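Chemist: Protein chains in written order, with this note's numbering: chain X, 1 to 114; chain V, 115 to 225.
Worth flagging that the hints you see were computed from the coordinates, not collected in a lab.
On a predicted model such as this, the values are computed, not experimentally measured, just so you know.
Mixed in with the good hints, there may be bad ones.
[To be verified] Listed below are the simulated BS3-like cross-link pairs for lysine-lysine, each with C-alpha atoms no more than 30 Å apart in a straight line: (1) 57/X <-> 70/X; (2) 9/X <-> 166/V; (3) 57/X <-> 117/V; (4) 217/V <-> 57/X; (5) 83/X <-> 117/V.
The chain contents come next:
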Amino acid sequence: DGGITQSPKYLFRKEGQNVTLSCEQNLNHDAMYWYRQDPGQGLRLIYYSQIVNDFQKGDIAEGYSVSREKKESFPLTVTSAQKNPTAFYLCASRDFQGGGNEQFFGPGTRLTVL
Amino acid sequence: DAKTTQPPSMDCAEGRAANLPCNHSTISGNEYVYWYRQIHSQGPQYIIHGLKNNETNEMASLIITEDRKSSTLILPHATLRDTAVYYCIVRPQGGSEKLVFGKGMKLTVNP
């Protein structure tokens, strides 16, 4: 089945540790996105990438880093510099070249920093 | 900031039509209206989008007023699985890279 996978679904880390969240898609989409969602809130854009080896900061990029070495993969690292990392993280992709505007979302990773 | 206004919540009886309103009075001529929904603890799911004509797909219908300042998402026969937070978003086709999600509207379908 085509889609976006995020792993793990739940992740626990100690304060001060970096942690990398996985996002993989087999939809052949060019664009990929990372959002953060806090309880009762909408989604906020962290980073996005329209093409391999290129990415742009979103609204809340501080304390996060990404890479886009392969079209299928867009991992997000939550660094120790992120002051409040506990949140629900969502990855999405879009068929940018095809002109479609719908973003397809993965199931999310819930990160808890203890 | 989100350019849309939705009521915070709505209830609907199972099997009845659910009409979800959205105000977007500052919408620009090149902006589309998109609807997504998010079931608890899952990623958002695309539902439908439109510019000015009414649209229908297998999930829902979208009715946009003639002045485009508001729209209504219609779930014709709501089921318990339609309970979710529904987001109304406006954005240009192929424009800005981000989807601006507000707080959305919680639809609860009751048995």
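Chemist: Hint by hint, say whether it matches the structure.
Modeler: Structure-based check of each hint:
1. A threshold of 30 Å between alpha carbons decides the hint, and for residue 57/X with residue 70/X the separation of about 18 Å falls inside it, so the pair holds.
2. The suggested pairing of residue 9/X with residue 166/V is violated, with an alpha-carbon distance near 39 Å, which exceeds 30 Å.
3. At roughly 21 Å between alpha-carbon atoms, residue 57/X and residue 117/V fall within 30 Å of each other, so this suggested pair holds.
4. Restraint check for residue 217/V and residue 57/X: satisfied, since their Cα atoms lie roughly 22 Å apart, inside the 30 Å limit.
5. With a CA separation close to 28 Å, the supplied pair residue 83/X and residue 117/V stays within the 30 Å bound.
This entry does not satisfy hint 2, going by the numbered hints stated previously; all others are met.
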